[in-house]
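A.B. asks: Chains A and W are the protein sequences, given in the same order. All residue numbers for the first sequence refer to my numbering, where the first residue is 561 and numbers rise by one. All residue numbers for the second sequence refer to my numbering, where the first residue is 561 and numbers rise by one.
FYI, nobody ran anything at the bench for these hints, they're computed from the structure. Hints may be right or wrong, so weigh each one.
Put simply, identical chains are the same to the list, so a pair is met inside one copy or across any two.
No farther apart than 20 Å at their CA atoms in a straight line, the calculated lysine to any residue pairs in the SDA-like style are these [as the list claims (entries may be wrong)]:
1) Lys-568 - Asp-710
2) Lys-568 - Tyr-602
3) Lys-662 - Ile-755
4) Lys-662 - Gly-634
5) Lys-706 - Leu-696
6) Lys-749 - Ile-600
2 protein chains.
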Amino acid sequence: MICRQTAKLPRIEKVKIYQESRAPNPRRVRIFLAEKGVDIEYQQVNIMDGDHKKPEFARINPLHRLPVLELGDGTMIAESVSICRYFEELHPEPALMGKTAKEKALIDMYQRQVEFNLLAAIAMCFRHQHPAMAKLEVPQVAEWGKANHDRALSAMIWLNDVLKDREFIAGDTFSIADITALVAIDFRKVMHIEIPDELDLLNGWHKRISGRPSSSA
Amino acid sequence: MICRQTAKLPRIEKVKIYQESRAPNPRRVRIFLAEKGVDIEYQQVNIMDGDHKKPEFARINPLHRLPVLELGDGTMIAESVSICRYFEELHPEPALMGKTAKEKALIDMYQRQVEFNLLAAIAMCFRHQHPAMAKLEVPQVAEWGKANHDRALSAMIWLNDVLKDREFIAGDTFSIADITALVAIDFRKVMHIEIPDELDLLNGWHKRISGRPSSSA
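Chain A extracted, bound-state conformation:
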């Protein structure tokens, strides 16, 4: 297993992350921070009970989404990738978003491509087809959910091809692009979307990345 052990930093005080332990987006941040060795307080918000949709949550995020990072001065930073970017700036090692201009651009590109083509496609299947989402996703458009099964499959085929000359999605080192892809690939299970056996590079990558200690964060 290829994995760098990261020393744990002292817990950051007066800063916390509102999150939901079962949801995919907060998991992206937890894995990122585990790789950085950053210890922080997490406050659970129950999505399936709609706690993030309640009027009082607007103070934390007017768009009613999770996760949200609250800084010591009261600033609220929503969006998984933006929270990761904050910690990448504060704790640059290990670099998970690149060091040079070219690395930063390429990792950003792969992160976004995985996010839009794979994670978003699986999320659309879940939001528009899963009965548990009927009250949270209005209107549920089943036909759009169904169309996204094909989009998710196309994205897996593309990702398998990306991995033909490299160990990690954006190149020779583990990055935020691998985190987004791991969370997406694991999230597919809830919709019973299989990774085709013939995508051997993607299956091998998934096994390697799942073996990192951060994957259980």
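Since chain A is already given, all that's left is putting chain W on it; use the hints.
C.D. replies: For chain W alone, kept in the frame of chain A given last:
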């Protein structure tokens, strides 16, 4: 009009951007580079003729999307925001993606929120309802397009509220979040989505940002 005049930098050689002058995503990059004063070669790819879908375009972007930046060493960087990030690293002034960790995180957050809630909603209306997209967006799910009219309106109401204590979307300075929002707001015209008159802060912001020379890029 509040606008900084940016001196034009010498043309960057051996680097070019594949783009489509009528499409919203390439416009994001053109405005960004105009604000930076970066002069670069643009190569037109005709989207409505499906030139980006042709097999030979896979060499430039296997996901068949525009814009794509080609570097001198042959590296291809797709994704509007990733291309902008590359130039932000090379030409940090004027900063359009923040300077401190907190600024970078907040600008990233607003950029993403505008991109996912407003630009993507309008793009979904266009892709799933406009007859010109029937051959490029398969299947077109009209019901999903229709649902996105409401999502776009909600995002405009949210954005009007964001602007209640500031001149620009992410705070006191013009940023990439304003560029994404301008492109989204202008793109809505093709779907005849109106900005409600009562959203006076959004209408005022749109008039100010449209007055910057970069808006014609």
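A.B. asks: Pop the pair Lys-568 and Asp-710 into one bin, within, between, both or neither, using alpha-carbon distances up to 20 Å.
C.D. replies: neither (41 Å within a copy, 45 Å between copies)
A.B. asks: Can you give me the call for Lys-568 and Tyr-602, within, between, both or neither, at a CA distance of at most 20 Å?
C.D. replies: Within. Shortest intra-copy distance 16 Å satisfies the 20 Å Cα cut-off; inter-copy 47 Å does not.
A.B. asks: Given identical chains, is Lys-662 near Gly-634, meaning Cα to Cα at most 20 Å, within a copy, between copies, both, or neither?
C.D. replies: Between. Shortest inter-copy distance 12 Å satisfies the 20 Å Cα cut-off; intra-copy 34 Å does not.
A.B. asks: Given identical chains, is Lys-749 near Ile-600, meaning Cα to Cα at most 20 Å, within a copy, between copies, both, or neither?
C.D. replies: Neither: 28 Å inside a copy, 45 Å across copies.
A.B. asks: Please work out whether the CA atoms of Lys-706 and Leu-696 approach to 20 Å or closer within one copy, between two copies, in both situations, or in neither?
C.D. replies: Close inside one copy (18 Å) and across copies (18 Å); limit 20 Å.
A.B. asks: My question is about Lys-662 and Ile-755: at a cut-off of 20 Å on alpha-carbon distance, are they close within one copy, between copies, both, or neither?
C.D. replies: Answer is neither; intra-copy 31 Å and inter-copy 38 Å both fail.
Checked against the numbered hints above, the structure breaks hints 1, 3 and 6 and satisfies the rest.
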